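Residue strings, one per chain:
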Amino acid sequence: MLTKESIQKIDREIAKYPAGQKQSAVMAALAIAQEELDWLPGEAIEFVANYLGMPPIAAYEVASFYNMYDLEPVGRHKLTVCTNLPCLLSGGVDAAGYLKSKLGIGFNETTPDGRFTLKEGECMGACGDAPVLLVNNRRMCGRMQPEEIDKLLEDLE
Amino acid sequence: MAILGAINPILTVGWDGDAAWRLQDYVKRGGYKALARIFEDRISPDQLIGEIKKSGLRGRGGAGFPTGLKWSFMPKDFKDGKYIVCNTDEGEPGTFKDRDILRCNPHAVIEGMVIAAYAVGAARGYNYIHGEIWDMYKRFEEALDEARAAGFVGQDILGSGFDFELFAHHGYGAYICGEESALLESIEGKKGQPRFKPPFPASVGLYGKPTTINNTETFAAVPFVLNMGAEAYLEAGKPNNAGTKLFSVSGHVNRPGNYEIPLGTPFATLLEMAGGMRGGRKLKACIPGGSSAPVLPAEVIMDCTLDYDAISKAGSMLGSGAVIVMDETTCMVKALERLSYFYHEESCGQCTPCREGTGWLYGIVHRIEHGAGRPEDLDLLRGITANIMGRTVCALGDAASMPVQGFLKHFRDEFEYHVENGKCLVPPEVQRAGSTFFKATV
Amino acid sequence: MLDIEIDGKQVQVPPGGTIMDAARALGTYIPHFCYHKKLSIAANCRMCLVQVEKAPKPLPACATPVTNGMKVFTHSELAAAAQKGVMEFLLLNHPLDCPICDQGGECQLQDLAVGYGGTASRFREAKHVVLHKDVGPLISMQEMSRCIHCTRCVRFGQEIAGVMELGMANRSVHSEIQTFLGRSVDSELSGNMIDLCPVGALTSRPFRYSARSWELSRRKSVSPHDSLGTNLTVQVKNERVMRVLPRENEEINECWISDKDRFSYEALNSAERLSKPMIRVDGALREVEWNVALDYLAHALKDVARNHGAESIAALASPHSTAEELYLLQKVVRGLGSGNVDFRPRRSDFSSDGKRAGTPWLGMRIAEIGELDAALVVGSFLRKDHPLFAQRLRQLAKKGGKVSVVSVSGDDSLIDLHAQIAVAPRNLAGTLAGVVKAVALLRGAAVPAGLEEIEPGEQARAIAGSLAEAGKKAVFLGNVAEQVGQAGQLHALGAELARLTGASLGFIGEAANSVGGYVAGALPSAGGLDARRMFAQARKAYLLLGVEPEFDCANPQEAVAALRQADLVVAMTPFRNEAAMDYADVLLPLAAFTETSGTYVNTEGRVQGVGGVCRPRGDARPGWKVLRVLGNVLALPGFEYESSEAVRDEFIPAGASFVGNLDNGIDLPLAPVEGAAAVAEGLERIADVPIHFADALARRAPALQRTRDAAEPVARIHPLTFDRLALTAEARVKVKQGQGEVFLAVRADAGVPPGCVRVAAAHAATAALGEMFGPINVERA
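Chains as they are written, first to last, in this note's numbering: chain G, 1 to 157; chain V, 158 to 599; chain E, 600 to 1380.
Be careful, since some hints might not be right.
Unchecked claim - Taking lysine to aspartate or glutamate pairs in the DMTMM-like style, the calculated list, with each CA pair at most 25 Å apart, reads:
id, chain 1, residue 1, chain 2, residue 2
1, V, Lys295, G, Glu147
2, E, Lys836, E, Glu850
3, E, Lys683, V, Asp534
4, V, Lys366, E, Glu758
5, E, Lys636, E, Asp710
6, G, Lys22, V, Asp555
7, E, Lys636, E, Glu967
8, G, Lys22, E, Asp1322
9, V, Lys347, G, Asp150
10, V, Lys233, V, Asp302
11, G, Lys100, G, Asp150
12, G, Lys9, V, Asp570
13, G, Lys22, G, Glu5
14, E, Lys1333, E, Asp1322
15, E, Lys726, V, Asp302
16, V, Lys470, V, Asp570
Note that these hints are calculated values from the structure, not bench results. Quick caveat: nothing in here was measured; it's all calculated off a predicted structure.
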C-alpha cells in the first residue's frame, strides 16, 4: 500500500511512543500516507490501522476529525485560505474571493485540470501575516496580496 | 525578524538573524545554563518548584494558572512514568506567539521542558505542535536532535543521572486540541475530545499517567526565570502579573506582529508600538485575549493596562495575549458571525450543549448578518449562551458563548439595526475601505 | 463510607462512587442518556446535570465523584434549568415525529422530553439531516438523524463486544455514528446496541415497523440455545412472537443477550414449520390426524420390538429440547425395553460414560467467573459457541485475570489472552497433558502416570504458570473438548489439572439442556447404544426428538445412512426438512420454543422453568404431551401426567433452584498420546459449528442467516499445508470424507493448525461429509 520510505517514516514515528502505544502514531502515519498518496483513500486508512494494530473505524474517526486530512481526492495543490476574524480584518476573505474568481472554483472544489483545490481554513496561528494560506498542508504563505497570489499560482505547476 | 518591538524584553532577547534558533546561538545567549546550574548546585525538585512559585509565573496559554502550583500537583511518589507535555497547538484566532517562539528560540522550550521534567520527576515528554505550522514542527525536531546530541535531552543529562526523552507530536487541524485533555487524547491517537475533569492530568494524564501540561511560552520562560531569579522576574511585571508576556497584535493596525512587554503595560502603548491604527482610522473595538475573550469597545480598552487583573475587571480576559484590533470599518455582526462559525465547526461534537448550541448560535447570527434576523433573536442568543456556559466537559462551550455575550453587550445597537433594517449600520463602502487586500499598507 | 445528601435524603456510599451511583442506591432518578451502568462514563449527553452545594456550575451526576458531606440537589432551580437546557439542545436537530418513529412508546428521549422539554421549540433553523446507513441484517440505522451521539453503541463495541465496529466520525454537529467504509456490524452481540440506543437511531431491523411497543405483551422465557440459560423477555402480539429482548439477570446474562438469542424467534414463523402429523403411506408422506399418527407409530414400534427385539429401537434427542421432553423420551424408550437413548449427538467419544462421579457442569456459578484470577479454556470456538460466556472472560481479562485458550483454531476471541495454543484435534489431549505436566514440574509434584513422554511447550508452561499461582482458578472444557475423539482423556486431564492447581474444573456445555439431559437420564443404559453407536450399529427403528442428524451429529454421513436403512424413523420436530422428508416415516409436529412449557438446566445447574408464551403453530403440540400420549397409546405405565411440572417433579425435586449431584469427577487413566497415534497421518478435519447453524431454530432464522456468521463454509487450511497441496484461492476444492464429497471455496488461514482442514459442520453445504474431527481429503476440483 505504501512505499518503503513511508513505512520507514511511520516506524520512526512509532518509536517516539512508549511500548504498546503504537496508536499514538496514527496522526503522523495518516499524514505520511496522505503525503504519499495525495489524499486518504479508505484502503490507506485501513492499512495504517492494521499497521498500528487499531480498529479501522478508530483510525477513520481520527482521519475525519482533524481537518487537514483529505478523505476525498484533491488537486495537485491544495490551497487552504484562512478566513477567520483576524485574517478577515486584513483581507483574508478578499484573498479567498480573489482565488475563487481566478481559479473559477469555490471552496471544496478542484479546478478541472486537477491543479488546484480550494479550501476554507481556520486559524493557522499566523494572524500577524494575514492574509494567510497554506499550500498542501505544508507551506505557509503570509501577506498574500494579489501580486503574491498571482506569483504563487504561477509557481505551482 | 519575528519580534517587532519590546519593552524590557526577557524572552525575545537575541531573536535576531536566521540562526538564532540554533543550539549554538542559544548557548551563546546563556542557554542551558539554568539546567546546568540545577545539576551543578544540586537544586532539588522541591526547591525548583518553590522558585517557580515565587516568581509568580502564570500559564501563558490562556487560563493564567500559576505554573509552580501546577507542577506541585504532580504526585511525588508515583514511580510508573510521569509525563511533561508542551502545548504548541496554537489555534485560538489572534494568537501566533508560540509559532515565533519555536521559530526563534525552540531551545528555550526544550530547556524549560527538561527543567520541568526534573522538577516533577517525568521521564518522557511531548511537544504537541499545531499541524498548520509544519515548518516549526520540523524545526523543533531539528532542535531536539541538536539538544540530544549535546546531551541536554536523553539519558543521563549532563552527567546528572537524570533521564528525559522528549519528542514532537504534530496536530492536524483541530482547534480543540489546544484544550489540554483533548491534546492528551490526540497524542494517544484518538479524536481530540476533551476528558471530564476531575481527574486532572496531574493525576490521570497521558496514557493514564500523571502529566504536567504547559503552554510553549510558559516553558520558554522557565530558563529565564531561573537565570534572572524569581524576584527579578516577578518585578519585571506587576504584582499578580509577573514578568513580561508576548502579545500578538492582529487586525487593523499598521504593524501586526508579536511584541514583548511587561504585564501591566497600557494598551495604548502596545497600540502605538504596533504602528497605530491602519490608515489612521478610529479604533472601534478590541478583543484583548484571543477570540474567546469578550470584545471590549475602544473607550474601555484604551483605559486598560494589559494584565490579568485589569482586563478581567474590564469584563474580558487577557487569555493568550492575542490582541485583535478592529477599526470603525468593521461590521460587528459579521465579525461575530465568523467567530461563531469557527466555534461551531471546531466543536468536538461530544457534549450536547456545545455540539448543538454552537450551531444554533451560528445559525442565528448568520441569519441576522444576512438580513433575516428577528427581534427575539438577540434575547434568544443570550439565552442559548446561558444554557451552554458551564454545562460542557471543556471550555469550548464557554469560549463560543463569551464572544456572543460580549458583542451583544457592547454592540447591541448594531445587531438591532441589522434586525430592523436587514442591513449593516456600517455602510458597505466603509466596510470595503477597511480591507487592505488590494492596497497593502504594510 | 461517605455521608452525602441527595435532595435532603441522607445516604451512605462507598468512596470512589459517583453521584449517579449514590442516587441509584437511594432510588432517586436522575435523567440521563449516555450513562449506562455497564459502560464506561462518557459524560457527554449532559442530561444528568445536578446542583452540588458550593459548586459554581451544575455537575454531571454520572461523572462527579462523591465527597464526604456533599449535598446534591437534583431538582433545584439550577439543576432543572440545566436539564431543561440540555433537553432543548437534544431536540434541536432531532426529528419531532415520535408518532412515526419505530422507537415511539419506548424511547428514553420521548419519555424525558415529556418532563424536561418545552411545549414549543425556539429553534427556527433548518434541521441537520444525517444519512441512513446499512450495517447488515440485524441493526437498522435507517434514521440516523435521530441519533443523540451518546456513544453507548460505540462504547458497547469497545468494552463489551470487544470489537470496535461503530465509531463516531467527524466532529461538531457533523458527528455521525458509522462503521468503517459502510461495512456491516458483525459482532455476535451486536443486537444489544439496539437496546442501549436511547432513541430510534439503532432499531431492530427484523422487528422494524411490525408492531408498536404498547401492543406487545411481555412474557418471561429462557433461551433454548447455548448453555448459559440466558433470560429473555418474549414479546407477543396476536399469538405471534414479534421480538425477543434480554431479561436482566446479573447472575446469568447480566443485561445482555446474543444475537442468536435475540433474532432466532423469526424461525418460529418460518414457512418450514411442520403443521400437521404425517405418515408415510406407500412411499409418500401424507398428513393425518394426531390419533392416526400416534396409533400408527405405536403399532409400528411394537412391530419392530416384536420382530427384531426392543434393542433394535434407538432414540436420539437434541440437547436443546426441554428437560421434560428428554425425560419422557428416555422413559418411552426404556418402557419399550430398549436402553438405546442419548441426547449428545455431536459427541464421538463416550469413554467417560459410567466413569463420571456425577452430572458434568460448569463447576462453579456463572457469576463467579468474574472473581477468577486465572482461567483456561480447552477446546472451544469460544466467542461463537458461547458469546456471553466469552464476554464474562473478556471482562475478567480486562481487569487483570489471566485467561488462556488451548484449542484447535487461532480464532480471535477478542479477549486479551495470557496465552493461546492452537493444535490439531489429535494433539489436543497431548497439549493439555503438557500443561498438566508443566504444573506438576512447577509444583514439584510427581508427574502423573501416563504423562512421562509429554514435553510441555513454552505456551503450555506459561499457562501452567498462571494456573499454579495462588488465587481462584478454573479450567473450562468447551464444545470441541466434548466433541473430539479424546473427549474422555480431556476430561480426565482437566480433572488432574484441577487437582494439581486447586482450580475448579467445568464443562461449558453445548446447549440449553446439556446439563438437563443428564439430570433427565436421557443416556444409554448400561449396555445400551450411545449417540454414536446407535448409528454405527444400525437399528431398525429410530425416534428423533428435535434433532436433525444431517446437521447435528458427529458423523452425519453415518447417521443418515443408518436412518435410510431403518424400517421406521420418527421425526418429532417443529420443522419439516428435506432430509427428514426423505428418511422419516412418521413426522410429528412439535411445539417450538415459546410454545411449550418446560425446564432448562443451565451450565451451572440452575433450574429454569418456562411457560408457553403463545399457541403452537398449526396442529403442533408440546413435546411432553406428545410423548405422554405416546406412552398412553403404547400402554406404558406411569404416563398419567397432567402438566409439564408433574413430569419435571419426577426427576428434579419440586422447588429446587439447582439440581443436585453436580460433580465433574472422573475415573479414567491418563493416556493422552494413544488417541493421537490412532489418527492416520493424512489431513485432519476441524469442524466448527457456525453460531447460527447450531440448532434447528437458529438455522431457520432469516435475518441471522444473512449475517456474515452465516456465510457459506469455506475450507480453511494452514498456509503451509495450502501450498503443499498446491491449492489456489481462486479455485474451489473437492473435500472428501468417506463416501461423501463436497465442493467448497478454499482459503489459506494461519489460524488453522498445519495438517488440518477447517470445514464447518451443521451446514447444508457440508452435510454430506463425515466425522467432525476425523480424516479428510482435499484436492483441487
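| message | Against the 25 Å threshold, does the CA-CA distance of Lys636(E) and Asp710(E) hold or violate the hint? | response | holds (19 Å)
| field | Distance restraint between Lys836(E) and Glu850(E), which requires alpha-carbon spacing of 25 Å or less | value | Violated, because 29 Å separates the two Cα atoms, which is more than 25 Å.
| Between Lys726(E) and Asp302(V), does the CA-CA distance stay at or below 25 Å? | violated (52 Å)
| said: Can you confirm whether the C-alpha distance between Lys470(V) and Asp570(V) stays at or below 25 Å? | reply: Satisfied, since the Cα-Cα distance of roughly 23 Å is no more than 25 Å.
| query | Does Asp1322(E) lie within 25 Å of Lys22(G) when you go C-alpha to C-alpha? | reply | violated (33 Å)
| field | Lys683(E) paired with Asp534(V) [C-alpha distance capped at 25 Å] | value | The given pair, whose Cα atoms are some 19 Å apart, holds under the 25 Å limit.
| task | Sort out whether Asp150(G) lies within 25 Å of Lys100(G), counting only the CA atoms. | result | holds (12 Å)
| task | Compare the distance between the alpha carbons of Lys22(G) and Asp555(V) with 25 Å, and conclude whether the hinted pair is satisfied. | result | Answer violated: Lys22(G) to Asp555(V) is near 34 Å, above 25 Å.
| task | Take the C-alpha atoms of Lys233(V) and Asp302(V), compute the straight-line distance between them, and say whether it is at most 25 Å. | result | Distance of about 30 Å is beyond 25 Å: violated.
| query | Lys636(E) and Glu967(E): Cα distance at most 25 Å? | reply | It holds: about 19 Å lies between the C-alpha atoms, which stays within 25 Å.
| Quick one, are Lys9(G) and Asp570(V) close enough, alpha carbons at most 25 Å? | Distance ~56 Å between Lys9(G) and Asp570(V) Cα, so the pair is violated.
| said: Hint check: Lys347(V) vs Asp150(G), CA-CA at most 25 Å. Holds or violated? | reply: violated (39 Å)
When held up to the earlier numbered hints, the structure conflicts with 1, 2, 6, 8, 9, 10, 12, 15 and fits the remainder.
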